[in-house]
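Q: As a plain string of letters, each chain reads:
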Amino acid sequence: ETGVTQTPRHLVMGMTNKKSLKCEQHLGHNAMYWYKQSAKKPLELMFVYNFKEQTENNSVPSRFSPECPNSSHLFLHLHTLQPEDSALYLCASSRGTSGETQYFGPGTRLLVL
Amino acid sequence: EDQVTQSPEALRLQEGESSSLNCSYTVSGLRGLFWYRQDPGKGPEFLFTLYSAGEEKEKERLKATLTKKESFLHITAPKPEDSATYLCAVQAGEYGNKLVFGAGTILRVKS
Numbered sequence: 001e002t003g004v005t006q007t008p009r010h011l012v013m014g015m016t017n018k019k020s021l022k023c024e025q026h027l028g029h030n031a032m033y034w035y036k037q038s039a040k041k042p043l044e045l046m047f048v049y050n051f052k053e054q055t056e057n058n059s060v061p062s063r064f065s066p067e068c069p070n071s072s073h074l075f076l077h078l079h080t081l082q083p084e085d086s087a088l089y090l091c092a093s094s095r096g097t098s099g100e101t102q103y104f105g106p107g108t109r110l111l112v113l
Numbered sequence: 001e002d003q004v005t006q007s008p009e010a011l012r013l014q015e016g017e018s019s020s021l022n023c024s025y026t027v028s029g030l031r032g033l034f035w036y037r038q039d040p041g042k043g044p045e046f047l048f049t050l051y052s053a054g055e056e057k058e059k060e061r062l063k064a065t066l067t068k069k070e071s072f073l074h075i076t077a078p079k080p081e082d083s084a085t086y087l088c089a090v091q092a093g094e095y096g097n098k099l100v101f102g103a104g105t106i107l108r109v110k111s
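As given, the protein sequences belong to chains V and A, one line each in that order.
Residue numbers for the first sequence follow the numbering used here, beginning at 1 and rising by one.
Residue numbers for the second sequence follow the numbering used here, beginning at 1 and rising by one.
Next up, chain A with everything else stripped away, as it sits in the complex (with noise of 0.2 Å):
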């Protein structure tokens, strides 16, 4: 069965503090891994797709990264509106468009 853990459950961060929030993954074949950002009260937002280990991308104080086991979110400089809950899922299987998320990671960031 794909499972996918996301830890720490929650983080308290400084601003400016950098940290990285960790997703480890069971699937077979994997053929996506997807973080998103969710604000209290809110969907989903989407923020990074990843397919294969070695894989980074960035957008702003955000960069992903993905290995065979697992993916790290890693936030530099943290500022107090990167406050959310960050989620991991994802794909797997020959077909379908099924995700699996995990339980999320809630980022708490005071000034």
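Excised from the complex, chain V in its bound form (with noise of 0.2 Å):
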């Protein structure tokens, strides 16, 4: 498999959920990014992480709780979500975070209902 995947794809979860977004990327890159989409609005960076250390969090609520055991592998725990949380969840991976491109995933479209 090439490029970065996702998974799940789709996920609905109740707000007392606990569920996991998992990204893998397979192009040797040692960075990687979360992101989220939500509906007319432009993409929000959420964490960065660079050889597996994050480097960027931005101002992300706790409910949201990334984690990074290995530069290939990327996960997004989330727990007591809210509704407003519902957007797609985008994975990014780029060589490095001096200015290379950011090849991105094909989401997780996330519900919380």
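It should be emphasised that the hints constitute simulated quantities derived from the structure, not laboratory data.
Remember, it's a predicted structure, so these values are computed and weren't measured experimentally.
Hints should not be assumed to be uniformly reliable.
Said to hold, decoys possible - Straight-line Cα separation of at most 20 Å, EDC-like style, residue types lysine to aspartate or glutamate; simulated pairs:
1) K110/A / E70/A
2) K59/A / E81/A
3) K98/A / E84/V
4) K36/V / E24/V
5) K18/V / E84/V
6) K19/V / E67/V
7) K36/V / D85/V
8) K42/A / E24/V
9) K40/V / D39/A
10) K41/V / E45/A
11) K69/A / E1/A
12) K36/V / E70/A
13) K41/V / E1/A
14) K98/A / E56/V
Two independent chains are provided; combine them into the complex using the hints.
A: What follows is the structure in structure tokens.
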């Protein structure tokens, strides 16, 4: 498999559930990102990891918890979400964090009921 | 604060009708401007990176240009398969890889 993959592609969860989103990149990159894309709004950067270390947290609520066990895998753990958290969650990767192009996965469409 | 504004919000073209999309930006120290294409239900697909004013890049029917204040994505003789949302993003500042995105232009090409 090539590029950036994300699972699941679709997720419906209640406000009291706990779920996790998974991202895997097969590009040999060292940096990985989580973005949120809500309807009619620009993509918003959530987290940046470089060589497994978190380098940016864009004031994201603690109900979103990222985990990066290695440079190829990135998780986003979700708990006690709100309906306004419903969105497309996109993972991206890049070779480094010095201006390199970011390549995106297909996204996970999340609906919080 | 870094800002990116894309216009128009939506554009309808007939097949073969050339046009341009605009991305204007206000940043402190532009390090790169990126164009992506996004199809419904999919992630953004990388198109171009531009680094300095005067730079141009082409790919099939698409041509991206950059000035000190804005970028244009020119679409020549578009086809229905060019229908998508086109996203512009800028990277600014001395370090880091943070992208600031515009809201996008939704392009529909009718045959």
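Q: Now tell me, hint by hint, if it's right for this structure.
A: Checked hints:
Of the supplied pair hints, the one linking K110/A and E70/A is violated, its CA atoms being roughly 27 Å apart against a limit of 20 Å. For the given pair, K59/A sits about 14 Å from E81/A by alpha-carbon distance, which is consistent with the 20 Å threshold. For the suggested pair K98/A and E84/V, the alpha carbons sit about 24 Å apart, so the restraint of at most 20 Å is broken. Between K36/V and E24/V the CA atoms are separated by roughly 17 Å; this keeps the pair inside 20 Å, and the hint holds.
At most 20 Å may separate the alpha-carbon atoms for a hinted pair to count; K18/V and E84/V meet this at roughly 16 Å. Distance restraint check for K19/V and E67/V: the Cα-Cα separation of roughly 13 Å lies within the 20 Å cut-off, and the hinted pair is therefore satisfied. Under the criterion of a C-alpha separation no larger than 20 Å, the hint pairing K36/V with D85/V is consistent with the structure, at around 9 Å. Proposed proximity of K42/A and E24/V is supported: the alpha carbons are some 16 Å apart, at most 20 Å.
Restraint check for K40/V and D39/A: satisfied, since their Cα atoms lie roughly 15 Å apart, inside the 20 Å limit. This hinted pair checks out: K41/V and E45/A have alpha carbons roughly 18 Å apart, not beyond 20 Å. With a C-alpha separation of about 15 Å, the suggested pairing of K69/A with E1/A holds against the 20 Å cut-off. In summary, the hint linking K36/V to E70/A is not supported, as the alpha carbons are separated by about 25 Å, beyond the 20 Å threshold.
Restraint check for K41/V and E1/A: satisfied, since their Cα atoms lie roughly 17 Å apart, inside the 20 Å limit. Using a Cα cut-off of 20 Å, the hinted pair K98/A and E56/V holds, with the two alpha carbons roughly 9 Å apart.
Violation of the numbered hints given earlier is confined to hints 1, 3 and 12; the remaining hints are satisfied by the structure.
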